[in-house]
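Input sequences plus hints: build the corresponding full structure.
Residue numbers (the working numbering): 89 to 211.
The hints are simulated quantities; they were obtained by calculation from the structure and are not laboratory data.
Any given hint could be a false lead.
[As the list claims (entries may be wrong)] Here are the simulated distance ranges between beta carbons: (1) Q127 / R94: 43 to 51 Å; (2) R205 / Y185: 21 to 29 Å; (3) L128 / S93: 50 to 58 Å; (4) A182 / V99: 45 to 53 Å.
A virtual CB, placed ideally from N, CA and C, is assigned to each residue, including glycine.
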Amino acid sequence: MYSRSRLSATVDLVNERVQTVRGIERSSVRYWVLYKLQQLGVSQQHDAVLWRLFIGDSSSDSSNGAQVESSSAGDLGLVFLLDFGETIVCSLPARAYIGDVLKVTIQQSDPRSNFVRAHAQRP
Numbered sequence: 089m090y091s092r093s094r095l096s097a098t099v100d101l102v103n104e105r106v107q108t109v110r111g112i113e114r115s116s117v118r119y120w121v122l123y124k125l126q127q128l129g130v131s132q133q134h135d136a137v138l139w140r141l142f143i144g145d146s147s148s149d150s151s152n153g154a155q156v157e158s159s160s161a162g163d164l165g166l167v168f169l170l171d172f173g174e175t176i177v178c179s180l181p182a183r184a185y186i187g188d189v190l191k192v193t194i195q196q197s198d199p200r201s202n203f204v205r206a207h208a209q210r211p
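Here is the structure:
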């Protein structure tokens, strides 16, 4: 029979190890996605959905219900790559709205350094 304090300590230890394993799993999946993007090269376009805008020094989202758009071409945004189930930051076309479907071209991908340079355009 376990005491309350021993059970609590065991659960805390298990939770800590589960978080570590999940972090390793996320890193591993991201590595292989970036590797695949690197292998596909710059000629391939990928379907993506604009998830979040980064305007100036602040980030914007649609949690307050407001329509937020990129003000000019080259603004950065977080896009969700539909075929890979992964998010990346890329430059956006002007007047891109959260939820827009875009075509993303990967210009450079380095899985070892977790680096991606990408550009999005309208389909």
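| request: Given the range 50 to 58 Å, decide if the beta-carbon distance of L128 to S93 lies inside it. | output: holds, 53 Å
| query | Could one say that the CB atoms of R205 and Y185 fall in the range 21 to 29 Å? | reply | For Y185 against R205, whose Cβ atoms are near 23 Å apart, the range 21 to 29 Å holds.
| task | Could you check the hint for me, namely that Q127 and R94 are 43 to 51 Å apart, CB to CB? | result | Hint holds: Cβ distance 50 Å, inside 43 to 51 Å.
| request: Could you say whether the range 45 to 53 Å given as a hint is met by the Cβ separation of A182 and V99? | output: Once the Cβ atoms are compared, 51 Å apart, the range 45 to 53 Å for V99 and A182 holds.
Every hint from the earlier list agrees with this structure, and none is contradicted.
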